[in-house]
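Following the hints, complete the assembly by docking chain X onto the known chain P.
Chains as they are written, first to last, in my numbering: chain P, 3 to 354; chain X, 3 to 354.
Accuracy of the hints is not assured; some may be wrong.
From chain X, some residues computed to sit far from chain P (all C-beta separations above 10 Å) [stated by the list, open to error]:
hint, residue
1, Ser202
2, Ala326
3, Ser327
Simulated coverage check for chain P against chain X, where a stretch passes if three residues somewhere in it have a Cβ under 8 Å from a Cβ of chain X [said to hold, decoys possible]:
hint, region
4, 21–27
5, 48–55
6, 60–67
7, 118–126
8, 313–320
Simulated from the structure, these hints should not be mistaken for laboratory data.
Ideal placement from N, C-alpha and C gives every residue a C-beta, glycine not left out.
Number of protein chains: 2
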Amino acid sequence: MTLLNNETMNMTPISSLGEFGLIEKLTKDIKCKNKSTIKGIGDDCAVLDIGKDFSLISTDMLVEGVHFDLAYSPLKHLGYKSIVVNVSDICAMNGKATHVTVSIAASNRFSVEALEELYLGINLACTKYNVDLIGGDTTSSMSGLMISVSVYGSVSKKNIAYRSGAKVNDLLVVTGDLGAAYLGLQLLKREKEIFKSNPSVQPDLSGNDYSLQRQLKPEAAVKYTKILNDLKITPTSMIDISDGLSSEALHIATSSKVGIRIHEEKIPVDYTVMNLANEFNLNPIFCALSGGEDYELLFSISQKDYEKIKKDPDFTIVGYVTDASEGNKFVANDGSVHDLTAQGWDGMKEHE
Amino acid sequence: MTLLNNETMNMTPISSLGEFGLIEKLTKDIKCKNKSTIKGIGDDCAVLDIGKDFSLISTDMLVEGVHFDLAYSPLKHLGYKSIVVNVSDICAMNGKATHVTVSIAASNRFSVEALEELYLGINLACTKYNVDLIGGDTTSSMSGLMISVSVYGSVSKKNIAYRSGAKVNDLLVVTGDLGAAYLGLQLLKREKEIFKSNPSVQPDLSGNDYSLQRQLKPEAAVKYTKILNDLKITPTSMIDISDGLSSEALHIATSSKVGIRIHEEKIPVDYTVMNLANEFNLNPIFCALSGGEDYELLFSISQKDYEKIKKDPDFTIVGYVTDASEGNKFVANDGSVHDLTAQGWDGMKEHE
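The shape of chain P in the complex, shown without the other chains:
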């Protein structure tokens, strides 16, 4: 046995693979052995069969400097958001979140009062979503703040919605509206820069409450899964929109082995978001497609459910499911058809 020097190992930069490529490489040899494991890695949640309903499990890690900046994310909001993004993963399986564990690593820069603020937000979200905080770990870190949340929930076996069930001719539906959280982030970043260059200038965030709230204090889509349940609609596939509409649509296409066609004119964007996008010289549809953090749901339904949903303003049909051979397409307002990519659509630059 010798002491290791990790620096001498072969080096392939993690960034060369990207998050999904890295996960695939690290987990490709994993075989599930327990009969109770219905679904392991590869959907919004793992699915276990240990009771009357399916049990759902998901986990998310938030790292300071990567996922949040405490210059403009109040700790209470951050605590709230850390629960919401996990509850959102349970919604994406058409389930109901019931329990969370929260682990925190914090450097000595953080006081007890700061962590109490964080937990105020965590408790607020747990109360709002009727979720029990049942455990965790609290430790020090060498620098910065890390929050790791795991969430548990359940869904009746007949109502579970995987990413993999979309069928040709199904309708693609989005809840709420998109792009706001990304623009809220751009606004906060801009005001931080102004504040840094002149701390006496008060940040001007007026008139943009909606985008700011969507970024700082998002909500999970529990109200929409409840409506779907009341309407007796079980989505054929579902995913939450954490990375932007196009990326999530491609996940459904890949998992379901289908093609996806999204129409630009159908994508729901709030008018205040339109205005803010103009201010930043950004295409609002680009913000919707690849901005992320909206925590709305993208799902597919059978055409027979169209009548139940068509008059509900909570839901917008943004496209439909095609045969895999037709690829994944974005139909622009001018009728031109483009390849849909994780970053938006091919030829986006020329199109703008």
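Frame of chain P; chain X shown alone:
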């Protein structure tokens, strides 16, 4: 709304409370609302009632520079250990681990190959303990490596062992032996210092395989919970020994509202550990009481189970349970009686 400056908040250093004090302060207002929550924070695992058996959930976070040093922890061992310490928490409830999620935050100092090494160890432990890796999160960090693992398991309702069930006159039992992991760490730290001052000197770790293995590649106590099950013994209380025997005994005493009496002469320490302790001029009993990371089990049994266990060398009776009014005591080899503290025992310095 204004941009926050967290530095201006009131500051109580986290270190002034300690880990358990901090957790208590942060979670004191938490009320569990779901009927399925049998036990929330305050034991080795949370306990949920969602099936035929109780479901068990626990989570642990390992932070570079706080919980491990990559100068002497090979990444494969670290991955293995990150699973084992979580499986150990399930053992501590007398349960069987079935599933884990693993979240990793790594700085750009880490290559894909380095993370593959880590996952080799994770997979090895999952295979050994028949646990399915069902999810996780992989993200970048600003510095260092963080590993957050959550574990799920189950235990039949009649066999669950909480910290809180110890009764007066119960026997206190320890599995295996104690102190080795702590001495393994001292050895690795010493060799790191020597290596730093003169990199041409090869570390001398010979003859200390046992202590090194206990530190670098610990095992969870699944073999002991199986024996207990075969012997039809359900511990009246149980905890895993992650922080040292004295700290864990005090947890049982507090949770069970009893007193604890531990006899120095009974504490099991391996002879190679005795020798290594002498080399470091450390009291081996101190290493057992407050060293930690042995991941053995401490449990209490009714006296009626004494006959079943007395000849099994896997188990050592280290003391017994008293009325709370008698306090928590350490009976030294010379017959003197001392207060048991989380750090060992009162008057330890004079006693050494």
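A quick look at each hint next to the structure:
No beta-carbon of chain P comes within 10 Å of the beta-carbon of Ser202(X); the shortest separation is about 12 Å. Annotated as non-interface, Ala326(X) keeps its C-beta farther than 10 Å from every C-beta of chain P; the closest such distance is 26 Å. Against chain P, the non-interface label of Ser327(X) holds: every CB pair exceeds 10 Å, the least being about 32 Å. Requiring three or more residues with a Cβ within less than 8 Å of a Cβ of chain X, the coverage given for the region 21–27 of chain P holds, as 4 such residues are present.
Counting residues of the region 48–55 of chain P whose CB falls under 8 Å from any CB of chain X gives 6; the rule of at least 3 is met. Here's how the region 60–67 of chain P fares: 7 of its residues keep a CB closer than 8 Å to some CB of chain X, so the rule of at least three is met and the hint holds. A count of 4 residues in the region 118–126 of chain P with a Cβ less than 8 Å from any Cβ of chain X is obtained; the coverage claim is therefore met, three being the minimum. Coverage of the region 313–320 of chain P by chain X is violated in this model, with 0 residues showing a Cβ closer than 8 Å to a Cβ of that chain against a need of three.
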